[in-house]
Amino acid sequence: MANNEVQNQSLIEKLQLIDRRIIFVFIACAVVIPLLVGATMEEETTPIVQAFFDYVENLPEDSRVLLSFDYGPTTAPEIQPMADAIVRHCAERKCKLYMMAVWATGHNLTGETIVNVLNPEFPDYKYGEEYVNLGYKAGNQGLIRLLLVDFKRMYSTDAAGTAIDSIPMMENINNLKNFDLIVSFGGGFPGIKEWVLYAGDPGNVPVGGGCTAVSAPLLYPYYPNQLIGLLGGAKGAAEYENALITAYPQYENKRMAGMSLMVSQTVSHMVIIFFIIFGNVLYFLHRSKQKANGIEGGQS
Amino acid sequence: MKRTVPLAITFIVGTVLVLADFIPHKPFGNLGDDFSLYFDIIAVFAFLLGGGNLIRVHLTKINRKRPDWQFSIVTLVGFVVMLAAGIFKISNPEGIQGDVAAIGSLFNDLYMYIFTPLQASMFALLAFFVGSASYRAFRAKNIEATILLIAAFIILLGRTPFGLWLTEGLTGDLAFLQIPNLANWVMDVPNLAGQRAIMIGIALGVISMSLRVILGVERTYLGQDSD
Amino acid sequence: MKHSASSTFAFLFLFLIFTGVLFAQDEPIDSAMVDSVATAVEEMVPVNPPKPAQLDIVQDNPGDAGSSIHVSWILSPDDGAGDNDVTSYIIYRSESPTGPFEAVGSASRGLVEFEDATTTDGIEYYYYVETVAGDDSARSSISRPIKSSAQWFSTKDIDTFIIGLMISLSVIFFIFAAQKGKELYLRKIAGLEAVDEAIGRATEMGRPILFIPGILDMDDVQTVAGITILGRIAKTIANYDTKLNMPVSRSIVMTTARETVKQAYVAAGRPEGYSDDMVHYLTDEQFGYVAAVDGIMVREKPATCFYLGAFFAESLIMAETGNSIGAIQIAGTAMPAQLPFFVAACDYTLIGEELFAASAYLSGEPKQLGSLKGQDIGKMIAMAAILIGCGLFTVASITNSESLLSLANTFRSIFSAS
Numbered sequence: 001m002a003n004n005e006v007q008n009q010s011l012i013e014k015l016q017l018i019d020r021r022i023i024f025v026f027i028a029c030a031v032v033i034p035l036l037v038g039a040t041m042e043e044e045t046t047p048i049v050q051a052f053f054d055y056v057e058n059l060p061e062d063s064r065v066l067l068s069f070d071y072g073p074t075t076a077p078e079i080q081p082m083a084d085a086i087v088r089h090c091a092e093r094k095c096k097l098y099m100m101a102v103w104a105t106g107h108n109l110t111g112e113t114i115v116n117v118l119n120p121e122f123p124d125y126k127y128g129e130e131y132v133n134l135g136y137k138a139g140n141q142g143l144i145r146l147l148l149v150d151f152k153r154m155y156s157t158d159a160a161g162t163a164i165d166s167i168p169m170m171e172n173i174n175n176l177k178n179f180d181l182i183v184s185f186g187g188g189f190p191g192i193k194e195w196v197l198y199a200g201d202p203g204n205v206p207v208g209g210g211c212t213a214v215s216a217p218l219l220y221p222y223y224p225n226q227l228i229g230l231l232g233g234a235k236g237a238a239e240y241e242n243a244l245i246t247a248y249p250q251y252e253n254k255r256m257a258g259m260s261l262m263v264s265q266t267v268s269h270m271v272i273i274f275f276i277i278f279g280n281v282l283y284f285l286h287r288s289k290q291k292a293n294g295i296e297g298g299q300s
Numbered sequence: 301m302k303r304t305v306p307l308a309i310t311f312i313v314g315t316v317l318v319l320a321d322f323i324p325h326k327p328f329g330n331l332g333d334d335f336s337l338y339f340d341i342i343a344v345f346a347f348l349l350g351g352g353n354l355i356r357v358h359l360t361k362i363n364r365k366r367p368d369w370q371f372s373i374v375t376l377v378g379f380v381v382m383l384a385a386g387i388f389k390i391s392n393p394e395g396i397q398g399d400v401a402a403i404g405s406l407f408n409d410l411y412m413y414i415f416t417p418l419q420a421s422m423f424a425l426l427a428f429f430v431g432s433a434s435y436r437a438f439r440a441k442n443i444e445a446t447i448l449l450i451a452a453f454i455i456l457l458g459r460t461p462f463g464l465w466l467t468e469g470l471t472g473d474l475a476f477l478q479i480p481n482l483a484n485w486v487m488d489v490p491n492l493a494g495q496r497a498i499m500i501g502i503a504l505g506v507i508s509m510s511l512r513v514i515l516g517v518e519r520t521y522l523g524q525d526s527d
Numbered sequence: 528m529k530h531s532a533s534s535t536f537a538f539l540f541l542f543l544i545f546t547g548v549l550f551a552q553d554e555p556i557d558s559a560m561v562d563s564v565a566t567a568v569e570e571m572v573p574v575n576p577p578k579p580a581q582l583d584i585v586q587d588n589p590g591d592a593g594s595s596i597h598v599s600w601i602l603s604p605d606d607g608a609g610d611n612d613v614t615s616y617i618i619y620r621s622e623s624p625t626g627p628f629e630a631v632g633s634a635s636r637g638l639v640e641f642e643d644a645t646t647t648d649g650i651e652y653y654y655y656v657e658t659v660a661g662d663d664s665a666r667s668s669i670s671r672p673i674k675s676s677a678q679w680f681s682t683k684d685i686d687t688f689i690i691g692l693m694i695s696l697s698v699i700f701f702i703f704a705a706q707k708g709k710e711l712y713l714r715k716i717a718g719l720e721a722v723d724e725a726i727g728r729a730t731e732m733g734r735p736i737l738f739i740p741g742i743l744d745m746d747d748v749q750t751v752a753g754i755t756i757l758g759r760i761a762k763t764i765a766n767y768d769t770k771l772n773m774p775v776s777r778s779i780v781m782t783t784a785r786e787t788v789k790q791a792y793v794a795a796g797r798p799e800g801y802s803d804d805m806v807h808y809l810t811d812e813q814f815g816y817v818a819a820v821d822g823i824m825v826r827e828k829p830a831t832c833f834y835l836g837a838f839f840a841e842s843l844i845m846a847e848t849g850n851s852i853g854a855i856q857i858a859g860t861a862m863p864a865q866l867p868f869f870v871a872a873c874d875y876t877l878i879g880e881e882l883f884a885a886s887a888y889l890s891g892e893p894k895q896l897g898s899l900k901g902q903d904i905g906k907m908i909a910m911a912a913i914l915i916g917c918g919l920f921t922v923a924s925i926t927n928s929e930s931l932l933s934l935a936n937t938f939r940s941i942f943s944a945s
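Protein sequence lines, in the order shown, are assigned to chains Z, W and E.
Start counting the first sequence at 1; every next residue gets the next number (the working numbering).
Start counting the second sequence at 301; every next residue gets the next number (the working numbering).
Start counting the third sequence at 528; every next residue gets the next number (the working numbering).
The calculated lysine-lysine pairs, modelled on DSSO-like cross-linking and capped at a C-alpha distance of 27 Å, are:
| no. | chain 1 | residue 1 | chain 2 | residue 2 |
| --- | --- | --- | --- | --- |
| 1 | Z | 14 | E | 828 |
| 2 | Z | 291 | Z | 14 |
| 3 | E | 715 | W | 441 |
| 4 | E | 828 | W | 365 |
| 5 | Z | 126 | Z | 152 |
| 6 | E | 894 | E | 715 |
| 7 | W | 302 | E | 894 |
| 8 | E | 674 | Z | 152 |
| 9 | Z | 14 | W | 441 |
| 10 | W | 441 | Z | 289 |
| 11 | W | 361 | E | 828 |
| 12 | E | 770 | E | 828 |
| 13 | E | 894 | E | 707 |
| 14 | E | 707 | E | 906 |
| 15 | Z | 14 | Z | 289 |
| 16 | E | 789 | E | 828 |
| 17 | W | 361 | E | 789 |
| 18 | E | 900 | E | 715 |
| 19 | E | 715 | E | 906 |
| 20 | E | 894 | E | 906 |
| 21 | E | 683 | E | 906 |
| 22 | Z | 94 | Z | 126 |
| 23 | E | 770 | E | 789 |
| 24 | W | 326 | Z | 152 |
| 25 | W | 361 | E | 770 |
| 26 | W | 326 | E | 683 |
| 27 | Z | 152 | Z | 137 |
| 28 | W | 365 | E | 770 |
| 29 | E | 674 | W | 326 |
| 30 | Z | 94 | Z | 254 |
| 31 | Z | 126 | Z | 137 |
| 32 | Z | 126 | Z | 254 |
| 33 | W | 326 | Z | 137 |
| 34 | E | 900 | E | 707 |
| 35 | E | 789 | E | 894 |
| 36 | W | 441 | Z | 291 |
| 37 | Z | 152 | Z | 94 |
| 38 | W | 302 | E | 789 |
I should point out that these hints are in silico values taken from the structure, not numbers from a laboratory.
In isolation and in its complexed conformation, chain Z is listed as follows (with noise of 0.2 Å):
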């Protein structure tokens, strides 16, 4: 009796130290096996990103909305899908959508967007007169302070150099209060957090935001009065690829970056609720078990 209950506390002191790599193949296997399995999964919207969707939602047509790319390769997974969800949203509202970048790898993350939703989902879209990609500008805080004052001083030209007086839709803008509604897609600095200091709440603009999960919490208190809606991390982006599936039925059948995260989200939360459980499970049976020895030594 003594012996087996000496193997089943080394089995359990070995289940508590065991090695990490177990637990990697669990993750790794729980985030790459649905993908591969191409699964999707709709996720109900929180009211912080309905407010988004509905503010998107009742923009009348020919609004400007001023989209700033501001995030590169590391958090594109994430933010990639809330971008291409919002440029199509607005695209459906006909909204006149100016893009930029804070961060000079936006840049290429912009270009992308243009590439995979604008150019072949809205072909009526022209350059110029619907869209413009006015690209990236070093600055960071100090960029957006003299945007709201004078955007054109900063901005003479476009992404690819034609001059911005040429460009029809770049008339009216003098000033970042000339916009309807500003986006920032990031989580870093600059990003939301700048626009809103700098732009939204001086500047009387509207701000929404979309950023990583992990800086969703530290933006949460300027919402509902500095920020109109955030989406937070890929969990953000299919609330708001549901809102849309919901108000444009044409999108059903259409595979969505961001639902298709969520199943590896799902499964890899779950994978990990499950070590945990395990943990404290191998934890208080240990701690019974030394308590039952302390017990025995004492009697003997």
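Since the structure of chain Z is already known, use the hints to place chains W and E on it.
Chains W and E alone, transformed into the frame defined by chain Z:
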């Protein structure tokens, strides 16, 4: 003199920059942005120091055949190739005057097909490390750890359909106990309160630390001991 | 203005012609001719002009560096109501009330203000707003003359200035008051109490100490905090003759850290123990840096790891790798998003303000400790403001009192940044 001059510069510049934030009149209005710009320019030139140090360290390692010296060759080759691709705009379809990251250039290819996947791989490590850290750290050792554990469960489950499935029977007045609603409440109320408290503390800590530096009470960053 | 005058003239001209033709005719008027004249008149005269917006406030932009005038107006009744056909507003400016006026900007429908950032200080300007509805427009009255100028103090920041001044003065007061020798109570911070033990452990095991000062540059206050703590720790490391490895991601941080560590070794009486190779540069790039740091950890297996500064996504990668090699880890950062990762993976974590207090704490000097007391005064102000504000809003909500609600909003605006 060696001690006094840096301290005097720190005091004068620090005080002026703090006050300049409240003075819009020229030249104070843009002083903060101007000094940030000066720092950025200095940092760019200082990069030569860092790059030089990197080359020296790895050349020394190769020279003296220290352990794993072969990997230093990889480091130096990567450094030189990327530098040359950018400076000389190798294979750049727009030529030497084109955009350094023009599509089709060697620089852009190295960035898109080597650097970006490597960057994404390192970032992806987080998913694995979150799993192993959760397994190891989330143990109900005491009351606080138990509360943390329960909150973690609620948030993790609330972000999945299982959370709703487990508690969808709770409707009407009890709907707030549905796990997704609880998860939103945890994020919106206690989490937010905690974040705000930490941010207030940080702001006060920054003020205190900055004043110590400006007044010369704290000097270790200058390589000097305090009085 | 020009448009309506010319249209009126054209209408009168055509009317006279038409009337003349009418009376001169021996025959009935050709209906096609009537139609074409009517069409021409229609095109020239605004048939349905919008109701004009009214100028509201035209003033020098307060609290700015000059060259800016704020123009605001009351929306046209046809904007969002009435005929609801307003498309935009155009703002005109002149240096004389009689013109010539030039357009200086525009605003979409629904907007009620515009900043003219192209003025020259000292020159008087006159403004009017033209309401545009398709091809038709109507203008407001002309404003009184207004000049732009720069201000020496931004009055909208007065609240921030006063609160900042109160906190700063309390910190300064306690820094100098502490010199009188009064003992101050400091709560124990576990991470800082463990520093000596952590360094001793590395010495006993004969393994190096790894110090990571974050990934931002010296212009970030967290990096400055990390370097000041390094100065304290380096002295202990020099005394114990333990090996220090400090990879950095910024060149200026490398230079500063070298100077700090060198002075620490000199102060400890062991200048020969210092080597420039202790502090070396890796790369500015975030994930390249953490990959290199992880490699150093796995190869050299430091016994103690310090992570003190600003971190982003790489925090958990470093902390978990440090955990896997069995190092004792002491972390400190003021990035709230990264704190949970450090708390989960490290042995000790300095949370937010504890990072900034650490240097003062480790020094033990009265002046430094006095600043911590001043910091506490700031916390008391914050706590009092939160309690009063929450109390006012709660009571106003319960009693539905307008006056209390107004008081609560005024109180909140004192602590609002904008």
